[in-house]
Structure formats: C-alpha cells, structure tokens
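S.K.: Those protein sequences? They're chains A and B, same order as listed. Counted from 1, the first sequence has number 1571 at position 344 by my numbering; the numbering is strictly sequential. Counted from 1, the second sequence has number 1362 at position 135 by my numbering; the numbering is strictly sequential.
Watch out, some of these pointers could steer you wrong.
It does not matter which identical chain is used: a pair holds within one copy or between any two.
[Unchecked claim] Lysine-lysine pairs mimicking BS3-like chemistry, simulated, CA-CA at most 27 Å apart:
hint: 1; residue 1: Lys-1280; residue 2: Lys-1526
hint: 2; residue 1: Lys-1566; residue 2: Lys-1280
hint: 3; residue 1: Lys-1587; residue 2: Lys-1566
hint: 4; residue 1: Lys-1494; residue 2: Lys-1526
hint: 5; residue 1: Lys-1567; residue 2: Lys-1457
hint: 6; residue 1: Lys-1494; residue 2: Lys-1426
hint: 7; residue 1: Lys-1426; residue 2: Lys-1280
hint: 8; residue 1: Lys-1500; residue 2: Lys-1280
hint: 9; residue 1: Lys-1239; residue 2: Lys-1494
hint: 10; residue 1: Lys-1561; residue 2: Lys-1587
Hints were generated in silico from the structure; no laboratory data involved.
2 protein chains.
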Amino acid sequence: MRKEVIAIDGGKICSLPRAQQRIGEHLQRMPAEDADLDAALGRVAFADITAEKPVPAFAESTRDGYVLPPCDPGNGARGFRIVDEIAAGRVQPVERLAPGTACRIMTGGVVPAGSERVVPHEQCVEQDGRVTVPEHLLQARASYIRQAGSEIARGERLVGEGVRLQGEHLELLSSCGMHAVTVAARPAVGYFCTGSELKTIAAGLENGQKVSSNSFLMAGILPSYGVSLKDFGIAGDTFEEISAVFARAGEWHGDVMVSTGGMGPGKYDLVEKAFLAAGGVVFFTGLAMRPGRSILFGKLGRTLFFGLPGPPYAVRTLLHALVGPALLAMQGVKQTGPKKMEAYLLHPLEVKHHEVLQLKDGVLVLSGGRCGVRLAGRLESPNCHILLHPGCSWYGEGELIEVHLVGDPLIS
Amino acid sequence: MRKEVIAIDGGKICSLPRAQQRIGEHLQRMPAEDADLDAALGRVAFADITAEKPVPAFAESTRDGYVLPPCDPGNGARGFRIVDEIAAGRVQPVERLAPGTACRIMTGGVVPAGSERVVPHEQCVEQDGRVTVPEHLLQARASYIRQAGSEIARGERLVGEGVRLQGEHLELLSSCGMHAVTVAARPAVGYFCTGSELKTIAAGLENGQKVSSNSFLMAGILPSYGVSLKDFGIAGDTFEEISAVFARAGEWHGDVMVSTGGMGPGKYDLVEKAFLAAGGVVFFTGLAMRPGRSILFGKLGRTLFFGLPGPPYAVRTLLHALVGPALLAMQGVKQTGPKKMEAYLLHPLEVKHHEVLQLKDGVLVLSGGRCGVRLAGRLESPNCHILLHPGCSWYGEGELIEVHLVGDPLIS
C-alpha cells in the first residue's frame, strides 16, 4: 500500500485516460510512403485520396442493345440501318451516327459521341441488317447510357485521410485510374520477452522452464494494428541480458519497442533499471488499473517503449487498451482510442478488488437491437473489455455498463 | 418479367435462404493438416484441442520471497536458515526442505516438493543468512504457490472444433506444451474476371477499356475468409477465352472457383455456356434478390463454382453473403451463415424495386446499449447488409430491421 502512495506522489502512476493522453502526446505521425494498389490492403491513407480519372471514363452502354442517333419521336415503330457493332473493350472509335443508322452495342461498349440513347435488344426486332425500335422506347426516360463521370467526377474525394484501406477501397481506386496510393509507413515494432525460465518451443523444456508464450500474443495481436514486426527474442532476468536487448534496439531505430515481464518490484525485475541505464526516459511506471499496476511507458532515443507485465492476460489486455490504439494513431487512423460504448450486462456481477479500475474480458452479444455484454469464459476469445470502475462492488443484470471494443473494429 | 417466371419454373432461381441451403449441401469439409503454432494464426481448429501438459507444469511461486517447509504455527516470529536460492528458470532441483530451513525463491521459481508456502520477501527480515517470518504469515490462507495443473489440467479442452485461432489461443496452446495444431486445410480458391474491356493496371488503358477492378475485391475480401488464393487473370468475352480458364481450372483441382461478369442474358454473357461445355453442373442461376439476379452456382469436377455478376457492388455483396460463409463452413467454422441480427433504423427508408429482397450496404452504430443501423454512404465502407424484404416500400426511423454482419465478426 505504502509503495503505491509513494509512487503516486512521485507522479509515475496514471489513470487510464491520463495514460492514453500522455501516450498521445509522445506519438509521432508516421511519414508518408507510396504503396502499389496490390500491396495497399490494410494500409492507412496518409491524406485524402481523390480521383485521378472520372468513372466511367467514357460514356458507356448499360445494356446489350442498339445505340441510336438523336431522332424526333413521332410516328410508331422506326427502322434503323445497322452500320457497326460496339463490343465492350472495342478501342477503335465509332463515328457519330448518321440519322437513320444504329450500331449494335454491348454492355460496357463506348457510346459514339452525340448518341442519345441505347435501346435494349430484347425489345427490338433485328432483320436483314436493320433494327425496328418501338416508338415508346424512343420516348422512354431511361437512356441506358452511363455518362462519363456520372458515377465519380475527376478530383472527387474517394477515401478520407486516416482510413484503413479495404478491398472495396482498392477496387474503387483502381477503377479511378490509380496505380499507387500514399499511405502512412508501417510502424516498425520490436518485442522481447523477459524471464530466465522462458525458452522457445523449439528449444524444449526442462523442469522449471516455460515456453515464451507471450511471444504468440505479440505475433498474433500486433500485426492486426498494421505494423511490421521484429522479434528480439528472450532475455533472461539479468541486467546484462536485458541491457543487451536495449542496445540492439538502440541500433535498430524502430518506432516502438514492447517487452513483457520483469516489471515488478522484485530483485529480478530489471527492465526499468536496464531501460534507465540505456538512456531511456520514463513517462509513467504504472496505471491505477488492473491489469497495469506495473507498466512502463517511456522513450529510448526515438523509440517509444512499453514495458508490459508478464501474465499473458495482462499482456493481451494492455496491448489492446494502450499499445494498439497508439500504433493506429501513429498511422493517422482517426479513431485513436479503443471504441467506447455502453452495453447491457447480461448477468449480475460481483466485483472483488474494487479499489481500482478493472478491465475484464467481455463478449459483446448483439440481438434484437440491443447490445448485451457478458464476461468472457475462461478460455473464450473476448471481443471487448468491460470497465469496472473503482468503488462499485456490484452490478445488476440489465445494467448499462461501459465497454471498449478491442482491435480496430469497423463498427462505429 | 416472362423470363424470370420461366426460370423459376425451371427451378434455377432461388431465394437467399434456399441458396444458402443448397450451397451447404454441396460443401465438402476441408481435410485436416498440421500447422506449427507460429503459422496457425487465423487457421480453424479441425477438432477440439486438449492440453498435452498441465499449466503450470510444476508448482511455482507467485511471489519473490522465501519458500518454507511445513511448520507448526505457534509462538510469534520464526527464524529459518537460508540454504539456497531458486530463481525462475533454475532447472537444478532443490531437495525437500529440512525443518528450520528456507530457500529464497523468485516468482516463477520451482517450489521444492513438500513445501507448504511462500512468504513475500517484503514482509520478512533477512539477516546473516537467516530469515525471520512473522507468525501471522505462517497461518495465512494465501500460500503464494500455484500448484501444477491448477490453471489447466492435462487433457482439458482448450479450443473447440471450428474456432479460428487468435493470438490468445496460440499463447494458451504454447503454454500447454503444444508445438503444432491440427487445422482445416485452407480452401484453394481461384478467381478470374471476364470482360473484353478489362486490362490490368500495368497494361495501361485505351479509350473503351477499364481496369479489372473486381480483382481488387477478390484479393481484398477472400483472404479474410482464410483461403489460399490463385488469380486466373482476365478472360475476354469469348467462348474460347472463358473455356480456356475453365480448362486450366479443371487441371488445377482447386476447391472453389469464382468469376465476375459475363452472367447476364446477353450475346457476350458466355460464362454459363462455357461452364456447361466444360462439363459443369449447374445448381442455380439466379437469386430472387438484388443484387444476385444473375449468379451461377455449380460444380466442375470437384471444384465448386460461383459465377458472380460484374458490377463491383454486386460482387462485394455476394462475396460476403454467399461465398465467404461457404468458405468458412468448408473449414468447419461453426457459424456457417452471416451473423444475423436486428438493429434500429437510424433514418426512414423509402424502397424502390420492392418486388424482391434487397441487400443494402449498412453501417452498424453501437451506442448507449442500442444497435442502430444506417445506409452506408456512397463511398463508405459498410460493415453489414440491411435486408429489405419484398413488398415493403417504406421503413420508419427507429424500426427494428434485419441486418447481416459481413465478414467473420467476433461478435456473437
């Protein structure tokens, strides 16, 4: 207890919102870079992207049929002499149609300049090189011509700054003549796990040793935030081993470094000591939150550093609550925090340890127009955090409760 | 109108639920294969996965402190002679502690057999090779020992059949001693786009030509359904070119083939003709739905075939509504259709063309415990389909309306 009070006096323990704010103050926007469209999936638009070409790029037919010159409607069915055929993809231009002539045209075919309408083939009769068109089609409102630029005008904004590019964006950009887009560079994120007991799967285990399972959380969660990832491996619980990783990180000049373990007050909890010795600057060393009592946020050269605690549950929660949102913000994604909302609690909830904010794994259940939420089962994948605020020891079934969606949900 | 009636009589036009059912009848479950844990992210568990080792694998300390032998509580503070130190990761076993002796132990250290408790170091006094422990600690309920198997027992089910593996699953599996998992093989999916007007970006365009933008939808959307993807390129609107792709597909022996375009009733809509000539069997050729009036579902040898229409909006909608769910079902994902729910309409909605079911792009808005939904803006990324049922020409603001989430949402 005493320790926590001292630390708060020292200004190194933060509330969650204050921690998010401090992290935000130290983030640098990633620089712009060009990405070919076929390598741009999931990248973040650095600025608004506008259309280089209109869509469609030329007036095109929306039906298989006959394209006609302007003609005065009047006396019943009308005959036209067929002079050519315009398939989709035909690049040889067709001259302006003379009165009394028509062309066969296919969906997507280029409509000759000056043409007034396309008439669908199934409503006409073709015989001996002539087509007969019922009079009502010549007066119909539908022209079956998609005019150049009628869907998207040149210069129109297609994708806003900070949007993560999905398949539909790339489809749109390609159809507007773009070959490449300007996106935020991917943050280069390095990670390492500390613990003298940790080994890789390949190494095999002796009694007393464990697999470095947090590596799988890093490798499984961080890429979903759009980063390029570098594994700095495992450091034993010695000042020298941890310092060696910070030395390598210093030469690497990445954007963000994340570690797990070695963050408590114990004799072998040496991450902070090694970080300081390497020249790191500490911004906070704990959150008034479970998990997160021991977490270091600082900067080493130009690299932001998150020292996370060791328990996998804490690593996962803090990756989603703090690290992931920071990585998205660096790329200019507009929503910089986790998506916050309220949901109805699907069961009553008794809270132990209610002296401090708790983030609990939750499962959002959408049904009948309501957002419900329940605690995730022990081995179940959560999709949100349920926030249990300090001082409240009991929540009733049906109560509205704060939740934060994890990841980068498309839901707004 | 007549055409549609004939087709329905012929049994080739389906309702959406009937189409989903028919697709389900023809799906084959993908075979099992082994994947190393570090290559298993996003793969689908072929069967229940159970723990090969308990967690923790050995009795471990949860604190830095001193591990003690059993001792009778009694008379005030007690002294113990320190005989050894057990750091996390120490593999040399420590013998059973003799009465009156103790070991320093760190969090994660192996607790010697027969030990009763760990006492946290900050509550004890160490001097001259001896530690003095206050009597109340010797009677405390908390032992600060995590017993072997207390978190996960050997043989316990860790991940259910049909679950897509996330980072947290891989963390868990690695900590239970797994090196690899049995997953469903990825469906091999091929795609091609038809249209004589289509070119790749690299080819450059002449007037009358377009970029094959649907390729970006295929490449952007299909991988999110866990498949391996093969691009069969572009086929012009000729029987020969389309037949050539089907011939290559026949030699390739993939699981699913998807095409775009060439699906209407026109002279150049040759996908069905080429499919039949290649030996394909047709199960349906249209849906009583917009989009989807022209869509072919069939089988060519062992390869399922989805012939989608050409407009990108239709391609995207049908990929999410029909193709994606089929791909997940083939991998054994439990939820085989799109996630269906209801949401409150955030604005009134007037419906044209209400003679047939329509799937409209929607954006789900979660707020204050309510699920709202609105139509997606013209260039906005949708996250759901809004279902407009036939015969209803108007929906009011605040009305509950059916929506289907797109993709493979974690939300239940």
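S.K.: Would you mind marking each hint as holding or not holding in the structure?
M.R.: Checked hints:
1. Lys-1280 / Lys-1526: Neither. Shortest intra-copy (44 Å) and inter-copy (39 Å) distances fail the 27 Å Cα cut-off.
2. Lys-1566 / Lys-1280: The answer is neither: 35 Å in one copy and 37 Å across copies each exceed 27 Å.
3. Lys-1587 / Lys-1566: Classified as both; 15 Å inside a copy, 25 Å across copies.
4. Lys-1494 / Lys-1526: within (23 Å within a copy, 66 Å between copies)
5. Lys-1567 / Lys-1457: neither (30 Å within a copy, 39 Å between copies)
6. Lys-1494 / Lys-1426: This pair counts as within: shortest intra-copy Cα distance 21 Å, inter-copy 65 Å.
7. Lys-1426 / Lys-1280: between (55 Å within a copy, 16 Å between copies)
8. Lys-1500 / Lys-1280: neither (57 Å within a copy, 35 Å between copies)
9. Lys-1239 / Lys-1494: Answer is within; shortest intra-copy Cα gap is 20 Å, inter-copy 74 Å.
10. Lys-1561 / Lys-1587: both (26 Å within a copy, 26 Å between copies)
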